[in-house]
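Colleague: The primary structure of each chain is shown beneath.
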Amino acid sequence: MRKDIVKLTLLLLTASVITAGCAGSNAPANGGNNGNSGGTGTETNGENNTQPEDEPFEITIRHTQVGESKKFRLAMLEDVVKQTEADIPGLTIKLDGVDSEVNRKEKLRGEMAAGKPPEVFDVFGSPDAALFAKEGLMLDLTPIIAELGIQDQFTTLDPFTYEGKVYGLPIGGSVEGYFYNKQYFEDKGLTIPKTLSELEQIAEAIKTDGKIPFAQSSKDAWIPLMTTNNLWSYYGGPEITYGFKSGETKWTDPSVVEGVAKHQEWVQKGYFKKGELGFEYADMRNQIITGEAMMMMDGSWANSVFRDPEQAGDMVGKIGYFNMPPVKEGDPVVVMQDANNGYGFSAAVADDPQKLAAVKAFIGNMWTEEMQLRGLEEDGVLPAMKIDLEKMKTASEDPLMQDIFAAVSEIDISFPAFDALVQADVNTALSIGIQQIIGGEGTPESMLETVQSAQESANAAEQ
Amino acid sequence: MLHGAPFFFTEVTMNKALRNPLTYLLFVLPALLLFLAFFIYPVFTAVYNSFTSWNGISQDKAWIGLGNYTTALDDAAFWQSVKNNGYFILFSCLIQVPVIIIFSLLIAQVKKLKGLYKTAVFLPSIMSTAVIGILWGFIYHPDFGLMNEALGLLGIEPVYWLSDRKWAMLAILITNSWQWTGFYIIMVLAAILSIPAELEEAAVIDGATGLQRALRITLPLILPIISVVIMLSIAGAMKAADIVLVMTKGGPAGSTDVMATYMIRYAITSFKHGFGNSIAVLIFVFTILITAAYQLLVARRVERMDSR
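In the order they appear, the protein sequences are chains A and B. At position 83 of the first sequence (counting the first as 1) the number is 83 in this note's numbering, and the numbers step up by one without a gap. At position 285 of the second sequence (counting the first as 1) the number is 285 in this note's numbering, and the numbers step up by one without a gap.
Hint data in this document are derived by calculation from the structure and do not stem from the laboratory. Heads up, some of the hints might be wrong.
Negatives, chain A to chain B, calculated, CB over 10 angstroms [stated by the list, open to error]:
1) Q65
2) V102
3) L131
4) L148
5) K182
6) I192
7) G243
8) Q264
9) Q268
10) E310
11) D314
12) D351
13) S409
14) I438
Facing chain B, according to a computed beta carbon distance under 10 angstroms, are these residues of chain A, among others [said to hold, decoys possible]:
15) G275
16) A424
17) D425
Yeah, the Cβ is synthetic: ideal placement off N, Cα and C, and Gly gets one too.
Chain A with its partners taken away, still in its complex shape (with noise of 0.2 angstroms):
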């Protein structure tokens, strides 16, 4: 009998052994052409360190350049990826292209958890590069950018910045204004407000005439924070975000509550569409180009969607922007002006002096004042770097581009948006706060406590 069962074991084992030796005889050739599994880490790196600089490897960088509204922003990549493998002998870059949303969300997190990060990789800035590089998963580009000599031209490396080094460059930046119909403020008689109270002025004389003043849509709570934001700013100042995280500032500071209150005027008085907290991002955007809105808050990538006869029509042509005012006229103009999205890099590539090369390539190649002009040439997006704003025009003559390149321009003073500046948790109660104001339900003062409480909990939890 114990024969039988040993005999019967023996056969599974066997066949075992030969069916995970199959699969293990590809695991060599992956591994091989799969350079950026972490997992072959150090004693691939001992090999690569004793073999020839132009020994044949392959970086992966996943990119969030998928789709056909992402086709510009893809061939630029590519082109990139053309030069940087032209630079480095030996060196294959594969292309990883996954949805923005599921990367971040899902595949990178994983990654990271894992320890096995691709060595280029889209990333956020705030908060996901200060938490990779907090548990030491990305490579560090202070050095780098020291050495290619770019770490000045920058706009912002704010949000890529951990304990004074920089973890990630951004790809492109933006700010945030309004879009408007030009055809109707011009039938209309209507100019491009100076104050607060003008624009109010404006949204009345345009309520009056049956339209809806301002476009929004609510189901996501950052869209409205985009007015709220750039209100509170202006009332308490931009420094003043700076702020809730030290706990030098409070959200209870009554120049808050005057911009929350400010926003919650405009829902009371029907400025914005009944029932739009219910609406999609995509909703706001029609109600511009059906006529029936006059005025949208929105970031500056916005403009491919009005640029676009697919999508706008015959509004094509007729949208313009400017900035939200100032309360007193010659008060300083404050603008929310981001650049939070772009590439990181995996911290195992500095134990490998081949991949160092190739991302130092990749980043010579990428952040260039070619590529940033490319970039708002063809997909409308404002630069990361400083480029002169004279080279800015030249780059696009579309008078909607014209229009927020003049914007950018009366830009005084330029604040990074709220929720880079506090922790997420803050960002969720503010959400949801901004929800209940346009919702009717409690006042701004009871809903800035319950975020200061949120922020002191977050403050607290910090230390």
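For chain A, the structure is supplied; the task is to place chain B on it using the hints.
Modeller: The following block gives chain B in isolation, referenced to the frame of chain A:
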């Protein structure tokens, strides 16, 4: 059949081997390993993580005891989400199940085009939730939606279905029921159609009316399957998330959050995986408690009635 097999696979040795319980264990082993790797291990990992402040990335997991659980249980928003799961259960049991029974009884009586009716009611359950979200988004649209058009004919003012917290939950419940009612109707219909025709015929000869036959004969005989439908509805209600995400994303202002979307909003997106795992464990515990209570209080009685 065993002639070509290796020498130890003769009938005698095979019988000997099969008499040993260890042989069975060997056969079960592969499935058991998969079950351990993909079910038991993740469940225990989730339970362990729920006692930590893990951010989902770090190799260090700080043990914080019951901290995550007390945070959740002290949070009014969490209890709001539990309440919304409760609405899902109540709506399923009190409204959806009676509708399922009525439609099943009606379709069972249909003589012509029964297949068409069955297909028509089953169709929503094979559609993706994302598609259903878009479809019902149009139906609930405040300007041109079917619902408001219909209400307008009755002289009722437009209702802001998805943006007014008074209506948003109901709007989701209706959509969710629409999606799953057909699936359950097919189950109940199969039970009805399997009842021997003689019972029905005997009742007709005895002079029973249609309603009497439905209530006194069909309904008692399909009680076990209705019990299963209720169990599945409860389990489905407790893990509901996708329909909420596609319709309201838990809004307005978190008013339609269920436990699973609360977990996404307050934990996963904020890099608080330890907290997220504690919510997942709570969903698991609540589901077990409710289904166990249902089994003890209702389902067993039905089974007893059935066995008499």
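Colleague: Now tell me, hint by hint, if it's right for this structure.
Modeller: For each hint, the structure was consulted:
no.: 1; hint: Q65; in the structure: holds, 23 angstroms
no.: 2; hint: V102; in the structure: holds, 14 angstroms
no.: 3; hint: L131; in the structure: violated, 6 angstroms
no.: 4; hint: L148; in the structure: holds, 29 angstroms
no.: 5; hint: K182; in the structure: holds, 25 angstroms
no.: 6; hint: I192; in the structure: holds, 30 angstroms
no.: 7; hint: G243; in the structure: holds, 21 angstroms
no.: 8; hint: Q264; in the structure: holds, 14 angstroms
no.: 9; hint: Q268; in the structure: holds, 16 angstroms
no.: 10; hint: E310; in the structure: holds, 20 angstroms
no.: 11; hint: D314; in the structure: holds, 21 angstroms
no.: 12; hint: D351; in the structure: holds, 18 angstroms
no.: 13; hint: S409; in the structure: holds, 36 angstroms
no.: 14; hint: I438; in the structure: violated, 8 angstroms
no.: 15; hint: G275; in the structure: holds, 4 angstroms
no.: 16; hint: A424; in the structure: holds, 4 angstroms
no.: 17; hint: D425; in the structure: holds, 6 angstroms
The structure fails hints 3, 14 (numbered hints given earlier, in ascending order).
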